[in-house]
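Novice: Chain residues, written in single-letter form:
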Amino acid sequence: MKIHEFQAKTIFRKYQVPTPKGGLALDSETAQQIASDIGHFPVVVKAQIHAGGRGKGGGVRLAHSMDEVFQHTNAIIGMNLVTHQTGPEGKTVKQVLVEEGVDINKELYLSLIPDRETACILVIASEAGGMDIEEVAATTPEKIIKVHINPLTGIQPFHCRKVSFGLNLPSAVIKEFSQMLTRLYQLFIENDCSLVEINPLVITAENRVLALDAKMDFDDNALFRHKDLMDFRDLDEEDPLDVEASKFNLNYINLDGTVGNMVNGAGLAMAVMDTIKLAGAEPANFLDVGGGATTEMVENGFKIILSDDKVKAVLINIFGGILRCDVLAKGVVEAARNTQITVPLVVRMEGTNVEEGRRILAESGLELFTAKDMKSAGEIVAKIVAS
Amino acid sequence: MSIFVNSDTRLLVQGITGREGQFHTRQCADYGTRVVAGVTPGKGGLDMDGIPIFNGVQEAAEETRANCSMIFVPPPFAADAIMESVDAGIELIVAITEGIPVLDMMRVKQMLNRSGSRLIGPNCPGIITPGQTKIGIMPAQIHKPGGPIGVVSRSGTLTYEVVFQLTGQGIGQTTCIGIGGDPVNGTNFIDCLSAFENDPETKGIVMVGEIGGNAEEDAAEFIRSNVSKPVVGFIAGITAPPGRRMGHAGAIISGGSGTAHAKIEALKKAGVHVCENLGHMGEMCAEIFPS
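Keeping their order, the protein sequence lines are chains G and C. So the first sequence is numbered by the numbering used here: it starts at 1 and just counts up by one. So the second sequence is numbered by the numbering used here: it starts at 1 and just counts up by one.
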């Protein structure tokens with residue numbers, strides 16, 4: 001789960017990780033009030049959307065007066081912000097963070113992620129702050145410092161020294177930086193983060209350490225033990241069909257193609273999407289109804305797929321293991337009737353009780369195409385959407 | 001022959017009294033797996049279908065000489081269950097549970113690295129040596145005993161599809177392993193490839209990967225210098241959009257790495273026969289593997 005910058009900074013402050021003074025505004029009046037509370041110019045007006053690259057897209061602006069606070073806030077709220085992470089359709093901005101401007105001495109990059117290969121928390125830091133870190137890693141890898149922290153020992157002073165000296169920090173800053181890194185690590189562990197990123201982390205003219213930006217993602221598998229974090233979820237930032245599917249515990253992702261598809265199992269679902277593509281069509285979604293799908297889940301999956309107007313045909317591919325094909329066939333027939341399916345349906349199923357399942361489909365009176373294997377399933381559905 | 005499990009494997013089931021645990025324990029026992037014990041804290045002294053239940057793994061292993069554990073414990077308690085088995089010195093631990101937090105698994109992995117236990121999973125269908133023993137949730141009837149092909153995969157139903165096509169071509173399997181779709185797991189591709197390479201009855205290997213991480217790239221590197229047997233590979237997720245978690249927690253393209261294309265290229269360079277269209281898997285294997 002992703003959250004906004006201002007929400008991440010709320011969590012930072014709880015862990016005494018220093019952030020600039022500021023507040024959230026949904027209109028220019030509030031923005032001006034926050035600017036007056038800050039008490040000095042310039043202030044920064046920052047669009048709050050989940051995607052990065054906001055500055056380049058015009059979503060982060062410096063204001064030197066109350067008039068400019070007013071202008072910038074009005075310009076940003078309601079704008080359609082396009083960045084390299086939003087996709088070409090962009091994202092409508094609904095709120096801004098207004099923060100004090102800071103005298104910057106040095107900009108750094110700092111992030112913490114779980115490293116799947118080593119099963120450690122990986123701290124990534126760089127002196128090339130404020131830039132796209134993937135670009136830095138590609139062009140000047142020597143400017144990237146990586147320190148692995150074993151979760152059984154947790155963060156130790158030597159980890160902090162490795163990062164501090166690696167960043168060539170002035171000695172006056174090392175103590176404060178180390179404290180901050182230790183707290184960030186605690187924050188990471190205690191909230192089951194899958195990413196904490198500060199870009200830039202700045203050293204101010206007064207040699208203070210300050211998180212100018214803040215990005216946090218959480219491990220969805222761990223949200224059961226962080227009910228409080230669920231308040232931070234912003235449904236406006238998610239695809240409406242994805243949100244609807246999540247209510248039914250369905251693993252659904254909306255895509256751009258025309259072939260809706262429903263599969264049991266994530267790996268097989270991806271393979272089916274690929275098969276559709278190889279047959280010359282494009283998948284409209286990813287939908288994994290799970291290894292133990294029920295009639296109800298199949299029906300809900302159907303509804304979600306069909307509420308996408310782009311869908312011109314639906315392909316169902318189920319590998320009946322524990323879930324028997326006859327049970328599934330009944331579910332498909334029921335769902336197709338209840339949802340009044342209006343597009344051609346191609347079904348391919350295999351596994352336990354497959355003959356019985358095929359018989360049920362054949363006798364249902366539904367207009368559907370039965371495919372005998374994956375290859376022909378892809379070909380049939382591609383032919384339908386091409387015609 | 002087979003790898004990791006055979007008809008001598010003595011299984012205990014953690015979470016044996018839950019709905020899933022009960023159902024799949026019975027399926028495994030029906031297949032011929034020697035299920036010797038169950039563990040459910042608080043239900044020690046009872047039994048399920050005559051299988052004795054214990055409060056803890058250590059006690060169960062001492063009493064029944066169980067050397068393998070299958071785990072059906074729900075995600076919030078699953079890491080603890082795995083660690084209990086590691087602590088008891090269980091040789092092979094098969095964790096079926098999906099949805100374990102990454103940080104929990106990182107701690108488990110660190111403990112595993114300092115132990116003699118092997119973990120398969122989590123978030124996996126388990127392991128089967130057809131005709132001998134089934135430790136997992138895969139449908140038994142699609143498999144064909146006697147080899148000569150070993151199968152290793154990150155996915156569940158995708159593995160069933162591959163095995164189904166192999167069996168359809170009359171090609172049997174030595175052992176089939178699902179290593180799981182989580183970012184941090186126990187046994188990896190290389191462990192399985194190495195075991196298959198050393199198993200005299202395995203004459204060829206099918207490896208099924210997907211987007212996310214670089215386990216397939218590492219496996220490709222290993223195959224190039226260490227595997228003499230023919231390998232057929234498949235990678236799911238050519239059409240997966242970047243930055244989205246495709247069902248499996250580990251199946252995500254991040255920062256341009258972990259793409260299907262990069263993995264396919266790496267496998268091809270290592271001499272792996274990459275199957276581009278899953279529908280052709282069976283036919284391709286029939287051509288490539290010696291009959």
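Be aware that a few hints might be false.
Said to hold, decoys possible - To give an idea of the interface, some chain C residues facing chain G are shown, with a C-beta separation under 10 Å as derived from the structure:
#1 V86
#2 D87
#3 D104
#4 D182
#5 V227
#6 G247
#7 G250
#8 V274
What the hints assert, rightly or not - Okay, the calculated bits of chain G under chain C, using three or more residues with CB under 8 Å as the criterion:
#9 230-237
#10 336-347
Hints in this document: simulated from the structure, not taken from any laboratory. Note that CB positions come from ideal geometry on N, CA and C, so glycine has one too.
Novice: Determine for every hint whether it applies to the structure shown.
Specialist: Hints, verified against the model:
1. Because the smallest distance between the Cβ of V86/C and any Cβ of chain G comes to about 13 Å, over 10 Å, the interface hint for this residue is violated.
2. With a least beta-carbon distance of about 14 Å to chain G, the hint placing D87/C at the interface is violated under the 10 Å criterion.
3. At about 8 Å, the closest approach between the beta carbon of D104/C and any beta carbon in chain G falls short of 10 Å, and the interface hint on this residue holds.
4. Interface hint at D182/C: satisfied, since its Cβ lies 9 Å from the closest Cβ of chain G, which is below the 10 Å cut-off.
5. At a threshold of 10 Å, the smallest CB-CB gap from V227/C to chain G is about 21 Å, leaving the interface hint violated.
6. The beta carbon of G247/C comes within 3 Å of a beta carbon in chain G, closer than 10 Å, and the hint placing it at the interface holds.
7. For G250/C, the interface hint holds, since its Cβ comes within 10 Å of a Cβ in chain G; the closest pair sits about 7 Å apart.
8. Annotation: V274/C was flagged as interfacial toward chain G, and the flag is violated, the nearest CB pair being 13 Å apart, outside 10 Å.
9. Figure legend: the region 230-237 of chain G, annotated as covered by chain C; annotation inconsistent (0 residues with Cβ-Cβ distances under 8 Å, at least 3 required).
10. Counting residues of the region 336-347 of chain G whose CB falls under 8 Å from any CB of chain C gives 0; the rule of at least 3 is not met.
In summary, the structure is inconsistent with hints 1, 2, 5, 8, 9, 10 from the numbered list given earlier, while agreeing with the others.
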